[in-house]
Amino acid sequence: MTFSEILTARRSRALTGAVRAPGDKSMSHRALMLGGLAMGDTTIEGLLEGDDILATARAVEAFGALVQRTGDGAWRVEGRGGYQTPSGVIDCGNAGTGVRLLMGVAAGFDLSVTFDGDASLRKRPMKRVTGPLSDMGARFDWGGAEDRLPLTLHGGGLKGMVYRQTVASAQVKSAILLAGLNAAGETAVIEPEPSRDHTERMLRAFGAVVYVSETGEGRVARLQGGQRLTGTHVAVPGDPSSAAFPLAAGLIVPGSVVTVEGVMLNPLRTGLFQTWIEMGADLTIANRRMAGGEEVGDVTARHSALKGITVPTERAASMIDEYPILSATAAYAEGATVMRGIGEMRVKESDRISLMAAGLAACGVKVEEEPEGFIVTGSPCVQGGATVRTAHDHRIAMSHLVLGLNSEEPVAVDDPGMIATSFPGFVELMQGLGASIEPR
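In terms of my numbering, the sequence shown has 184 at position 182, counting the first letter as 1, and numbering is strictly consecutive.
The hints are simulated quantities; they were obtained by calculation from the structure and are not laboratory data. Where is the CB? At the ideal position from N, CA and C, for every residue including glycine. It is possible that part of the hints are untrue.
To be verified - Using 16 Å as the maximum straight-line C-alpha spacing, the simulated EDC-like pairs for lysine to aspartate or glutamate come out as follows:
1. Lys125 to Glu346
2. Lys129 to Asp112
3. Lys368 to Glu346
4. Lys161 to Asp143
5. Lys350 to Asp120
6. Lys129 to Glu346
To be verified - Label pairs and their computed distance ranges (CB to CB):
7. Gly282 to Glu316: 19 to 25 Å
8. Ala363 to Glu219: 55 to 61 Å
9. Gly133 to Gly220: 15 to 21 Å
10. Glu280 to Val214: 26 to 32 Å
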């Protein structure tokens, strides 16, 4: 579907049906990068074919791998055992995960490369990754404002290090571990709260030895430098962050029963599901099984009378991308939903705290914004009737469209084309369930 400049959601009849979520975005990035880093062929089933992932595919090819989509819908990556100097700038589009992890991989090789991105990515901080990589021996030249893209990386000659994170971040941890693959000695990352562990799991699938342990300081992931990866087969399960949108719609639209099949159930990614259950959601999981080294299952959401809760701050790392859709469902919950310890949301594709607070308030929802979070006080009746500014952020757009499926008045979002960065086919999938979402 070609979007107009405005996409509008209206109160819908009961949503019903079973759908599959797109492939997990985090795993798709990593499968391409590690396939390019490995020696030999890697086949990837279920790759998310969103704009962010396609930008990473182009980057991996620019670093010397062969990347192609096969006739059966899978992807093949022929790696050469390392990254080579690309002929031009690596444009990562809107992909924050893509650029930060690629910097980690590239830092381990004797090459120079310039990274850039779109206007949104150029606003996102990079020192959280360039700082520790510099401590390992990489050098960076800022092309414009310090801490922002574009930047040029000069890699090679790295030394392993022990890095203690102050805030759990899978992107920072992954960049350091990926750099450590080609650093002298051991590299270790200590996390106060565990972040998603897809890098550690996938490195093992490619033949690396990665140790993970729990200590008094937190969770520790470590590996020795000089390891070589071997091409493998990767089956990418459904993305829980994307599955959240049709499931949320199922929870808030009366009479709905929505199932999303093949959803990843990694415990470091299912904080939203646990939170919804604590809010009173009728959420069930069936057909649990293993796929691609991860547990997956079929998740069913039925319309539920939700109540507000205080979300534990230690849960933030397992659901940081899901707070926008959580706040949209909280708008329909009776009472206050308190979300704190989520300052990381302010430096995502947008300031997601500010934008969600503004959008919900415009729709008549009571919101109290705080420096590191916000409080949404909801009720079963949401006014709607607003056109929401998304600031080029796919999750802001989808969250408000879900909100509008049961509001009194329609809810519209600007710049809906950006949804394709993470969820190509979102509108068609939702329409197939019965959702009233149309271009205006």
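Hint by hint, here is what the structure shows:
1. Simply put, Lys125 and Glu346 have alpha-carbon atoms about 14 Å apart, close enough for the 16 Å limit, and the pair holds.
2. Of the supplied pair hints, the one linking Lys129 and Asp112 is violated, its CA atoms being roughly 21 Å apart against a limit of 16 Å.
3. At roughly 22 Å between alpha-carbon atoms, Lys368 and Glu346 are farther apart than 16 Å, so this suggested pair is violated.
4. Straight-line distance between C-alpha atoms of Lys161 and Asp143 comes to about 20 Å, which puts the hinted pair past the 16 Å bound.
5. A C-alpha spacing of about 14 Å is found between Lys350 and Asp120, which places the hinted pair at or below 16 Å, so the restraint holds.
6. Restraint check for Lys129 and Glu346: the C-alpha separation of about 14 Å stays at or below 16 Å, so the hint holds.
7. Judged by the Cβ atoms, the range 19 to 25 Å given for Gly282 and Glu316 holds: they are separated by roughly 21 Å.
8. Checking the proposed 55 to 61 Å range against Ala363 and Glu219 shows it is violated: the Cβ atoms sit about 41 Å from each other.
9. Between Gly133 and Gly220 the Cβ separation comes to about 19 Å, which falls inside the hinted range of 15 to 21 Å.
10. Between Glu280 and Val214 the beta carbon distance is about 28 Å. The supplied range of 26 to 32 Å therefore holds.
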